[in-house]
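Chains as they are written, first to last, in the working numbering: chain Z, 1 to 335; chain A, 1 to 328.
Honestly, the hints are just simulated from the structure, not real lab data. Just so you know, these numbers come straight off a predicted model, no measurement behind them. Don't be surprised by glycine CBs; every beta carbon is placed ideally from N, CA and C. Some clues are possibly wrong.
What the hints assert, rightly or not - Label pairs and their computed distance ranges (CB to CB):
no.: 1; chain 1: Z; residue 1: Ala189; chain 2: A; residue 2: Glu47; range: 27 to 35 angstroms
no.: 2; chain 1: A; residue 1: Gln231; chain 2: Z; residue 2: Leu326; range: 32 to 40 angstroms
no.: 3; chain 1: A; residue 1: Arg19; chain 2: Z; residue 2: Glu294; range: 53 to 61 angstroms
no.: 4; chain 1: A; residue 1: Glu219; chain 2: Z; residue 2: Glu316; range: 29 to 37 angstroms
no.: 5; chain 1: A; residue 1: Pro299; chain 2: Z; residue 2: Gly33; range: 17 to 25 angstroms
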Amino acid sequence: MELDRNMLLYLYRTMTTIRHFEERGIPETGQRGMSGSVHSSAGQEAVPTGICAHLTNEDYIGSTHRGHGHCIAKGVDPKLMMAELFGRVTGPNKGKGGSMHIADMSKGMLGTNGVVAASVPLAVGAALTSKLRRLGRVAVAFFGDGGANQGVLHECMNLASVWKLPVIFCCENNGYAESTPVEYALSTARVADRAAGYDMPGVHVDGMDVFDVFEAAGQAVQRARAGEGPSLLECRTYRYYGHTVFDNPLSYRTQEEQDYWRGRDPLLLFRERVAPGGLVSIDELDFMDLEAQELMEDAIRFADESPLPALEEIYEDVYVDYPLDLMRRGINLEV
Amino acid sequence: MAVKSVIEAVREAMREEMRRDERVFVMGEDVGWRGGVFLATQGFIEEFGEARVIDTPLAEASIMGIALGASFRGLHPIAEVEFADFVWPTVNQLIGEAARVCYGTDGKLNAPMTIRIPYGGGIRGGLYHSQSVEAYFFHTPGLKVVAPATPYDAKGLLKASIRDNNPVVFLEHKKTYRLVRGEVPEDDYVLPIGRAEVKRAGSSITLVSYGLMLHYCLEAAEQLAAEGVAQVEVVDLRTLRPLDTATVLESVKKTGKLLIVHEDNITGGVGSEIAALAADAAFDYLDAPITRLCGPDVPTMPFAQTLEDAYMPNTHKIAEALRTLAAY
Ligand SMILES: Cc1ncc(C[n+]2csc(CCOP(=O)(O)OP(=O)(O)O)c2C)c(N)n1
Ligand SMILES: [Mg+2]
Numbered sequence: 001m002e003l004d005r006n007m008l009l010y011l012y013r014t015m016t017t018i019r020h021f022e023e024r025g026i027p028e029t030g031q032r033g034m035s036g037s038v039h040s041s042a043g044q045e046a047v048p049t050g051i052c053a054h055l056t057n058e059d060y061i062g063s064t065h066r067g068h069g070h071c072i073a074k075g076v077d078p079k080l081m082m083a084e085l086f087g088r089v090t091g092p093n094k095g096k097g098g099s100m101h102i103a104d105m106s107k108g109m110l111g112t113n114g115v116v117a118a119s120v121p122l123a124v125g126a127a128l129t130s131k132l133r134r135l136g137r138v139a140v141a142f143f144g145d146g147g148a149n150q151g152v153l154h155e156c157m158n159l160a161s162v163w164k165l166p167v168i169f170c171c172e173n174n175g176y177a178e179s180t181p182v183e184y185a186l187s188t189a190r191v192a193d194r195a196a197g198y199d200m201p202g203v204h205v206d207g208m209d210v211f212d213v214f215e216a217a218g219q220a221v222q223r224a225r226a227g228e229g230p231s232l233l234e235c236r237t238y239r240y241y242g243h244t245v246f247d248n249p250l251s252y253r254t255q256e257e258q259d260y261w262r263g264r265d266p267l268l269l270f271r272e273r274v275a276p277g278g279l280v281s282i283d284e285l286d287f288m289d290l291e292a293q294e295l296m297e298d299a300i301r302f303a304d305e306s307p308l309p310a311l312e313e314i315y316e317d318v319y320v321d322y323p324l325d326l327m328r329r330g331i332n333l334e335v
Numbered sequence: 001m002a003v004k005s006v007i008e009a010v011r012e013a014m015r016e017e018m019r020r021d022e023r024v025f026v027m028g029e030d031v032g033w034r035g036g037v038f039l040a041t042q043g044f045i046e047e048f049g050e051a052r053v054i055d056t057p058l059a060e061a062s063i064m065g066i067a068l069g070a071s072f073r074g075l076h077p078i079a080e081v082e083f084a085d086f087v088w089p090t091v092n093q094l095i096g097e098a099a100r101v102c103y104g105t106d107g108k109l110n111a112p113m114t115i116r117i118p119y120g121g122g123i124r125g126g127l128y129h130s131q132s133v134e135a136y137f138f139h140t141p142g143l144k145v146v147a148p149a150t151p152y153d154a155k156g157l158l159k160a161s162i163r164d165n166n167p168v169v170f171l172e173h174k175k176t177y178r179l180v181r182g183e184v185p186e187d188d189y190v191l192p193i194g195r196a197e198v199k200r201a202g203s204s205i206t207l208v209s210y211g212l213m214l215h216y217c218l219e220a221a222e223q224l225a226a227e228g229v230a231q232v233e234v235v236d237l238r239t240l241r242p243l244d245t246a247t248v249l250e251s252v253k254k255t256g257k258l259l260i261v262h263e264d265n266i267t268g269g270v271g272s273e274i275a276a277l278a279a280d281a282a283f284d285y286l287d288a289p290i291t292r293l294c295g296p297d298v299p300t301m302p303f304a305q306t307l308e309d310a311y312m313p314n315t316h317k318i319a320e321a322l323r324t325l326a327a328y
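Excised from the complex, chain Z in its bound form (with noise of 0.2 angstroms):
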């Protein structure tokens, strides 16, 4: 495959970008006391970097609980991510969405989610307002190999190759589900061939090689593009660290396993794949390895300088339009 130096350089940015954000981010939220709800996806930053590498801003995904690499690869600002993970009102969301609700509608981010497969669905209505308006958008839903398994995917996809809607369900395999391996939950031997059920395509690429999930991905967008339906695109991966901080991955996969994952790295994979053929050099792959670290310390800088929200933020933003002095008010509400 072709990739011009431009994409090459685009690629590895969001990959390190991502690296760093979830290298460094997360530890200081441990620090400040909020980590509660923060998932790392270290590891697993070849999948959004290849897949959004295809979309524009008018185009949407619908995200994970696991969301971070989606955000930056959609284009949302790490600083501001970094901010809401902090609780700061200068977040996305005022520090009212942490981790697991970061939305941009600005770069068609529709958000991040916890509750697992919920975005689903957020994703194939969008699809459904881009067809029925004719706006020519495309959108994607992350899901884990756990999310698989939620029935609500499976009536998404049933619905969007009966309206032919541009939509591709992307299945981030990571192995697990919090502790559950996916052999154990899943009935067929990979999620991909369940597309079958529902007469789309489907694919399994290795979700560790950003040029691979990449061309995948090309493929599946135009499709949707062209009106000809959605695909399930499932990218195996692996997440490098627990579930949640909180977690010991080595309670239940072993150090082995690990060590061949790590081995398998999404940018190390890129730097062997691409240095031998000249495009970009190595000493420009670390240049942008310090810019993503030096843009981190930038963004906790940020995030700790903004202000908590004010305590009557608390009942801002429940209506679009709603008398303020209508809201009950259940509690004093000065600690």
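Put chain A with the ligands on the given structure of chain Z with help from the hints.
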């Protein structure tokens, strides 16, 4: 007596019931080899095997529906929902089916199932790991709803729930799991569902609560006693449905003042029903307006620490409300 945490009490109750009655089994996400997200079923799969400790795929609607179906034919399932916030896919099975089955079949079918749900905030869990869900189930005839606050009550009431021949929604405040410790007898005991308990006797104000808030209420009551402001009687509901109206009314008639505290949203919450009850049945005894201190009417727990702290009732806020009532 050994001192145990709430989560240990929950674990012990299930283990004892599974040893006692082979019809009892547990199912849910990660309940097996992992022992559950809060380790409520730690060691169970080793003791009882995969047939009675069932790891399920991620599919709440099916977990609940299958547990319900299994309960029709003589088994006593305990279905675990990882967090209360993920109970919504099961609502059709719980409210639409389980609650109605006995009534709708003229008693030919019944559903001896227990649904364990960790709920509640104060843990920096944000939108998806903090919710109080009791009002939805409290509203639903046909379900029993239990919400213990102490290890002793948790064990005795969970054992009763498992033995109960009706669907019981068993609500465990996740912040109490490791925070609250108390004496728990080793021997087999069962507490009656539907009985509140006066956790602190007093004469000047009745304070009604349940779950985590019960502990803040007890602290606030101690504060007011120390200040010499009031002797507060604290009633722990323990069961929300059926509601022990007699214990609440008896206390209100004695004190003449009522404060109800819960973390769940104020409108249409358990407190609304208790307030109505007191207005109906103890009107002549009341010396002050019935007061509620509850979570504000916002759709979920906001993530930012300032807003979560604003949302949560705490000892300080409760003491303030009690002082106002005492001065009335
Ligand atoms: C409906 C629902 N049930 C349970 C949970 C608790 N939970 C959070 S993530 C998770 C596992 C998800 O696994 P998977 O879809 O494979 O995504 P991964 O965490 O591997 O990225 C579970 C069970 C939830 N968030 N939502
Ligand atoms: Mg997974």
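Note whether the CB distance of alanine 189 of chain Z and glutamate 47 of chain A lies within 27 to 35 angstroms or breaks it.
holds (32 angstroms)
Could one say that the CB atoms of glutamate 219 of chain A and glutamate 316 of chain Z fall in the range 29 to 37 angstroms?
holds (31 angstroms)
For glutamine 231 of chain A and leucine 326 of chain Z, compare the CB-CB distance with the range 32 to 40 angstroms and indicate the outcome.
holds (37 angstroms)
May I ask you to test the hint 17 to 25 angstroms on the CB atoms belonging to proline 299 of chain A and glycine 33 of chain Z?
With a Cβ separation near 24 angstroms, proline 299 of chain A and glycine 33 of chain Z satisfy 17 to 25 angstroms, so the hint holds.
53 to 61 angstroms as the expected CB spacing between glutamate 294 of chain Z and arginine 19 of chain A, which holds or is violated
holds (59 angstroms)
Consistency note: the structure conflicts with none of the earlier hints.
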